[in-house]
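**Q** Protein chains in written order, with my numbering: chain H, 84 to 416; chain S, 21 to 627.
Where hints are given, some of them may not hold.
Now the in silico label distances, taken between C-beta atoms and shown as ranges [as the list claims (entries may be wrong)]:
1. Lys405(H) to Phe243(S): 34 to 40 Å
2. Glu388(S) to Thr260(H): 42 to 48 Å
3. Gly312(H) to Ala449(S): 48 to 54 Å
4. Glu529(S) to Lys405(H): 47 to 53 Å
5. Gly515(S) to Gln395(H): 37 to 43 Å
6. Glu74(S) to Thr260(H): 55 to 61 Å
7. Trp457(S) to Ile98(H): 20 to 26 Å
8. Gly478(S) to Asn388(H): 32 to 38 Å
9. His502(S) to Pro366(H): 46 to 52 Å
10. Leu236(S) to Lys405(H): 42 to 48 Å
11. Gly246(H) to Asp514(S): 46 to 52 Å
12. Gly478(S) to Gln395(H): 28 to 34 Å
These are calculated hints, taken from the structure and not from any lab test. Heads up, the beta-carbon is just placed ideally off N, CA and C, and yes, glycines get one too.
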Amino acid sequence: MSRTYTKKDYMSDQIIRWCPGCGDYSILSQAQTVFSELQIPTENLVVISGIGCSSRFPYYVNSYGFHTIHGRAATIATGLKMSRPELSVWMVTGDGDALSIGGNHTAHVLRRNVDLQILLFNNRIYGLTKGQYSPTSEQGKKTKSTPFGSLDHPFNPAAFALGCDATFVARTVDIFTKDQRDVMHAAYAHKGASFVEIYQNCNIFNDGAWDALTEKVTREERVLMLKHGEPMIFAGGRKGIRLNGLRPEVVELGEGGLGPDDCLKHDETDPYLAAIIARMDFPEFPVPMGVIHRRERPTYEVLANEQIEAVQARSGKGTLQKLLLGGETWKVD
Amino acid sequence: MHSESSKPLHTIDSVVIRFAGDSGDGMQIVGSQFTNTSALFGNDLATFPDFPAEIRAPAGTLAGVSGFQLHFAAHDIYTPGDQPEVLIAMNPAALRVNIKDLKKGGLVIVNQEKFIPREFEKAGITVNPLEDGSLEGYNVVKIDLQKSTKEAVEGLGLGTKEIDRCKNFYALGMTYWLYHRPMEATERWIQEKFKQPYQEANIRALRAGYHLAETLEVFHERFEVPAAKLEAGTYRNIMGNQATAIGLVAAAEKAGLRVFYGSYPITPASDILHYLAGMKSYGVYTFQAEDEIAAIGSAIGASYGGSLGVTATSGPGMALKTEAMGLAIMTELPLVIVNVQRGGPSTGLPTKTEQADLFQAIYGRNGEAPLAVISASTPADCFHMAFEAVRIATRYMCPVILLTDGYLANGSEPWKVPDPDSLPDLSVAFHTAKEGWRPYNRDAATLARAWVRPGTPGLEHRIGGIEKEDGTGNVSYDPDNHEKMVKIRQAKIDGIEVPDLEVTGDPGELLVVGWGSTYGSIRAAVELARSRGYKVAQAHIRYLNPLPKNTEAVLKSFKTVICPEMNLGQLATVLRAKTLVDVQTVSKVKGKAFTVAEIFAAIQAKQ
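Input sequences plus hints: build the corresponding full structure.
**A** Right, here's the structure in full:
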């Protein structure tokens, strides 16, 4: 008899220790809602994180959870998923965890296409170490470690993921609750490494980092909600994205001029298109949200297990006797 | 194929032979062929390959010299031999590097075509060593290898370079004649390994070398080393890394677990990955990770999932894995970490052996981070200690470091294959019962927490690197709890049951204590010393953390304790700290194993 799970079933008994007002609360809540909508049995759900504020996430989910070490969640998740492919493994990480100390592992887990849901909370700051700039902080940012402004050019996480040949790249915002859940559903449905960048507000050390995009009054103008197969239009239908050669451009729509049909159509499966739109950034462009790219490619854990099964089917399962007596042997009487 | 010879055949007890040439000359191949043939013949043997870190250093240079030493005997032997009695030198550089090791009066077979000014220059010499009297006192045999090989393979349409690649078999054939070895096993190997016409060419070269030796006047006699009287049983020749791989898989079978091996290629550990990657029929997962950290991380993830997580590396890789070992200690998951030690620090001497990672293994982590440390003593012992590593890791839910080294990894010896049923049962029972369970409840005897696999209903829980509350495993910053947990983790490791330290030899006077690959040299030196009337004993420590319970009593029962180590005295320091016995270091840190003579001299010095 299978039981039914409610959102509450995914809440652990631990007191949540994020700062009041932190964007992480919303993400936790959306994820718990999605888990219940998907009816993932709590025993088959594993949340694996690295280090940072976001990485406290597993403690608050009533499932199996592993709060690992800085930057290494992808490695532990890879070992687990390869050897236990039936589990639903979600990885929670942050901009520093995934793109700075763990950048190498992020690159490789994406190219290998291990079937994980990777939620990257991007707040453009180091929160847990109390306010140093992160690899996604804007250049020139003044922080505790950069009193005269940071010198580093920031990463664009989605472009990074596409550069790693990720098979699923999406972007959403902590306060866009419905869109966030939609993206999580899509990430779960995708077989392979699903990379989800979530713009998240750190109200203590980098408050308002995303306000320019996400404030209700400006949102329409500055965010482009992507829908597969539909033209890229925003600002309530008044503006669209058109391709001029290989470069996108913002065009005004309506009044005898251009219409939606003149705009670029979103095709999630096209890696070339993904490369173009992932780079669109405020203020020149609206920032694309939703599923930027999604395509099928065999997953790593399936390939690994199939290879073992193929060898066993061909040459039989190994026995201890065979193992010990392999190679040339001789007898001494 | 044995041709009858007109020359007298003498029976001798043992021989040490060394093949030396350019790293592209195929010396490792002929060395392992001679080894295989001698093993099948029934000799006891020990081998040691010695090759440069460069894959193909410029041909003819000292940096490019690759060697393979084999000691085969009609009795039990423990080392590849201090000094070769026979040296095959394919060029002047190989001669120059190796001649100083050759026993006085020994036999040198040289490829004289290479003894020309151009080659001398590459070897950094100005005069021909075949003519300057420097080989006086040795028995020198000069062969035109290239020319002879060319004649042997004539008609097969091979180019100069291809002919050049067969000449190692020509040299091997000569040594087969000299030591009355059958050629069948090597011919079988050539047939399996090479396509035509190379198969035919190599076999012809091998046979031609054999026959040439028969006709050469300088070879007026030949030798035979009879089979050794080994314990009855089935044997195979085994290299250390291979034994480690087999031991891990055998133990996992006995535990009912699958091996998950996460690894990043590094000399001299990579062969473990190569062996395990071929063992898919045993359900072994091998994962060539993006780096050393990912290698151990993936193994921890697999252990968390209920597999046997294993990673192996060498010194620099150990340094990178350190933080993750702490995680495995904190989360109390089973994990086997093999360190095939090499010369350090930093990149150090990648292809040379050393024992200088003992401190790193026992102490090298942040915080109070105890784990089990064990070591293998001989190439075949790698099997048993890998098996032990799995036993300890799964029984005590802790990481175990198995220390081997380059000397063991690449060395080989005959291994008496154990009966599968005689291997201890290591069955693991995953915990599934909800009643009374908490993530950090412990077994009263072992202090191990239960192994709960994700997927087990009702036992959902969280673990991580932050300090755990006793019992619940919840995050805790409580000062008293931290101290308590530190002490529990230490007590768990201290309480690991390990066999007592065994002593062989004479009680009371002089003890030679060692660990790891020095076993053979120490044993041979102690036996030699005792045969000459010295009162001396040997104790070899295989379990380094925790130490065997009787360690202190054993050390204190001797007037003098010396400890030969390929480091500046790491075990001696540990023993002094733990037992307050004045253990005296005999140190060698040259990237080379101790010779028997060196340890014998250390014993003599204490008389």
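**Q** So, for every hint listed, does it hold in this structure?
**A** We went through each hint and held it up to the structure:
1. Lys405(H) to Phe243(S): 34 to 40 Å: holds, 37 Å
2. Glu388(S) to Thr260(H): 42 to 48 Å: holds, 44 Å
3. Gly312(H) to Ala449(S): 48 to 54 Å: Holds, since Gly312(H) and Ala449(S) (Cβ atoms, about 53 Å apart) stay within the stated range.
4. Glu529(S) to Lys405(H): 47 to 53 Å: The hinted range 47 to 53 Å holds for Glu529(S) and Lys405(H), with Cβ atoms some 48 Å apart.
5. Gly515(S) to Gln395(H): 37 to 43 Å: holds, 39 Å
6. Glu74(S) to Thr260(H): 55 to 61 Å: Given range 55 to 61 Å: holds, Cβ gap about 60 Å.
7. Trp457(S) to Ile98(H): 20 to 26 Å: holds, 22 Å
8. Gly478(S) to Asn388(H): 32 to 38 Å: Once the Cβ atoms are compared, 27 Å apart, the range 32 to 38 Å for Asn388(H) and Gly478(S) is violated.
9. His502(S) to Pro366(H): 46 to 52 Å: holds, 50 Å
10. Leu236(S) to Lys405(H): 42 to 48 Å: holds, 45 Å
11. Gly246(H) to Asp514(S): 46 to 52 Å: The hint (46 to 52 Å, Cβ to Cβ) holds, given that Gly246(H) and Asp514(S) are roughly 49 Å apart.
12. Gly478(S) to Gln395(H): 28 to 34 Å: Holds, at about 33 Å.
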